[in-house]
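Enquirer: Position chain B against the provided structure of chain A, taking the given hints into account.
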Amino acid sequence: MKLAAMVCIGAVLLASGCGNNGRQAPGTVVYNCPANAAEVAVLQKEIPVFAETSGVTITLHPFTGQEKLYAMMAAGKAPDIFYTSGVMRDQLASEGRLLDLRQVSGGDPFVGRLWPHSIQSGTSPDGGWYSVGNWEFTCGVYYRKDLFDAAGIRHPDTAWTWDDCVAAARALTVRPDSSQPPSRYGIFIGSHFVEALEIMNGSRFPSNGLTLTVPETSLEVYRAYLSLMDEELMPDVRRVQAMGMQAPQLLQTGRVAMLVEAVPHQTLIETLSVPWGVAPLPRFKGKAPAYFRSSSGGLSVSSSTADPRATWKALVWIISGTSIYQPNPVLRDVDFTSGWERRYPSLAGSGFREVWDLSLKHNGGDPRFFVRFSSWTSGPILEKLQPLLDRLWSRELSVEELNASVHGINAGVRSQLEETLRHRTLQPAFRSHLEQALKELNEPPSH
Amino acid sequence: MARPSQWETLLASAGRYAVSYGILIVLGAVFMLPLLWMLSVSVQDAEGVFAQPFQWVPEHPRWENFRDAVTVFPFGRYLANTAIITAAVVLFTLLSSSLVAYGFSRMRFHGRDLLFAICLSTMMLPGQVTMIPLYVAYARLGWIDTWYPLIVPALFGSPFYIFLLRQFFLTIPREYDEAALLDGAGKLRIYWSIILPLARPALATVALFSFVGTWNDFFGPLIYINTPEKATLTLGLQMLKAQIVGTGTVQWHILMAASLLVMVPNVIVFFLAQKHFIRGLQMGGLRG
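Taken in sequence, the protein lines are chains A and B.
With the working numbering as the guide, the letters of the first sequence map in order to residues 1 to 447.
With the working numbering as the guide, the letters of the second sequence map in order to residues 1001 to 1288.
In isolation and in its complexed conformation, chain A is listed as follows (with noise of 0.2 Å):
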């Protein structure tokens, strides 16, 4: 009896789950996609349409992890694409392990539906061209128009300012009690939003740079920023994020009247049934506004790839052809504001349009894409930043002592890239761009 339940086991494991570990056959393409059952299913259900007028077929793979593409790359068995954040790409690129799309993009016309600005983003240090962004946003004051009109303040607007933005907190903020915590706070700024006001206020950083800046730009921001939570305008961080508060909930549940997001924000935009509208970021006084915007992070090819061309088509399909993906804001020649109207027509009026037009003609990229979280010294250089930015959102650091700390944490830069320059698979293009940057940064200013 037992000997046959184990025999009937045995056959049920062959017949549904082992075996069956097809080889990849020409023209087939392995994509690495998000573990979104949804996309999944739309995918699959793309797929034989492109397979009939391309002649490529794509086989989804939705089970990612850092740790286990490093381990698919270990064995010979890659993912032709699949999703790199700027950290990665550089340290991948620097490797050998992605192809430099230039290789195989040379005439395609989808290259010029591309926003330079994309292309610019999914470039390495060595100049390569190694992702393709397939998405980007900005961010906005997201606010509740009804808490606005209850307490007689004007809707924010294109042009409003930090100080604005400080006193509309200010009288949104409900106390009923002074010795409780406010009801409502009159805003809140997540700390991952701190950089795009930095660059508001005019900070700026080089692109590909490899070691931390931190301009009096930035500086101030961090006191305007801490002096919100100093006076009860905004609920401590700290708190917020602890507690796993999402975005929406704030803002639905009335315990925020502002709240910095990114824009478009698709589970705001569908779960608000308050009524809600979105202004840029506040401009800082005597500044030329820069908004942020993201396009870091897109799909990489591995350099492994079998058939780069199939597998170039299959990245341009995806980018430009899947219905997930539309309207891409990646792609130039795309009317994606009129696009998410006609999706969400809650967004017509709200405000989206002008803070995404905004955007595009004052474009200030993405604080990511600066040294702290795109370049490939962003690992020593945030394991010792990030403990420090948290120390001073929680009082344990004054922001004067942070900026001293940027002298000691720039030297552990230092170290890491001459650690870096004698890993034997560091491509020859990125050990001449680190060794030039090693030997400027050692050399003492010029005066």
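Keep in mind the hints are simulated off the structure, nothing from the lab.
Be careful, since some hints might not be right.
[Claimed, not checked] Per label pair, the in silico range of CB-to-CB distance: (1) B/Ile1025 to A/Gly349: 53 to 61 Å; (2) A/Pro48 to B/Leu1027: 52 to 60 Å; (3) A/Gln66 to B/Val1212: 20 to 28 Å; (4) B/Pro1058 to A/Arg223: 21 to 29 Å; (5) A/Arg239 to B/Phe1066: 29 to 37 Å; (6) B/Ala1029 to A/Pro48: 52 to 60 Å.
[To be verified] Okay, derived cross-link-like pairs now, SDA-like style, lysine to any residue, Cα gap no bigger than 25 Å in a straight line: (7) B/Lys1187 to B/Ile1172; (8) B/Lys1241 to A/Lys439; (9) B/Lys1241 to A/Trp135; (10) A/Lys45 to B/Asp1068; (11) A/Lys285 to A/Val194; (12) A/Lys439 to A/Ser405.
[Stated by the list, open to error] The following residues of chain B were derived to be distant from chain A, with all beta-carbon distances above 12 Å: (13) Ala1014; (14) Tyr1017; (15) Ile1023; (16) Val1057; (17) Arg1062; (18) Leu1114; (19) Met1123; (20) Phe1160; (21) Arg1174; (22) Glu1175; (23) Lys1187; (24) Ala1273.
Don't be surprised by glycine CBs; every beta carbon is placed ideally from N, CA and C.
Expert: Quick look at chain B alone, frame taken from chain A:
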């Protein structure tokens, strides 16, 4: 010195119990809190999750969460996949680990203790160290995107279970083996007909650990499974999370409902094996 009266003894004893039980109740409540939160959130709506103050028992429980949880990803298929993998792993683990443990506890051969020490030392290796070499090996065998890497290792025993079972087998008197030998039984017959039936509590413990470990395993399936049709429930939960994450918002109420459903078999198996499990731990784990 006057002896304490019966009343005083009773009071002292009650006091000791009150303190012990008080501490246990508080600790129990602390450990139960996340589970209770999960239970409560699984029947809340999206807003209720972060309502302040939190309403532990919602006025209108949202049972549809469970329906949504099983429809947003192929729950039935993943349940079947997980059940097959878990059943195979438990069965193979019991067979292989008990056989090795029998060898270490009952047979005498040169280097036995050294081998046992080497076997135990493999427990010290973190999974991350062996991940890439194992992946490369399985890839060369053509086993990637199959269930073989998840099941076949169970055929080679697990050091922790081997240790647990060996300790238990050492408590079984050798006189049983000798009597069976006199009756003409061989080593394998003794293992199958004498040792295994007597070791039921320890086997139940191993089965339970193995079941829970395999059922909840996320990393193994994540690394080795590529196609959605072969995925397990834990990968399904990840898909569910990504499905509703959108631009960063997790629908906790749906995720908790799904997690609760995934957890149910663990709870059932634990209660079924509870008696044997505790006895197995007491007898096997604590005696040398």
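Enquirer: List, from low to high, the hint numbers that the structure doesn't satisfy.
Expert: 4, 8
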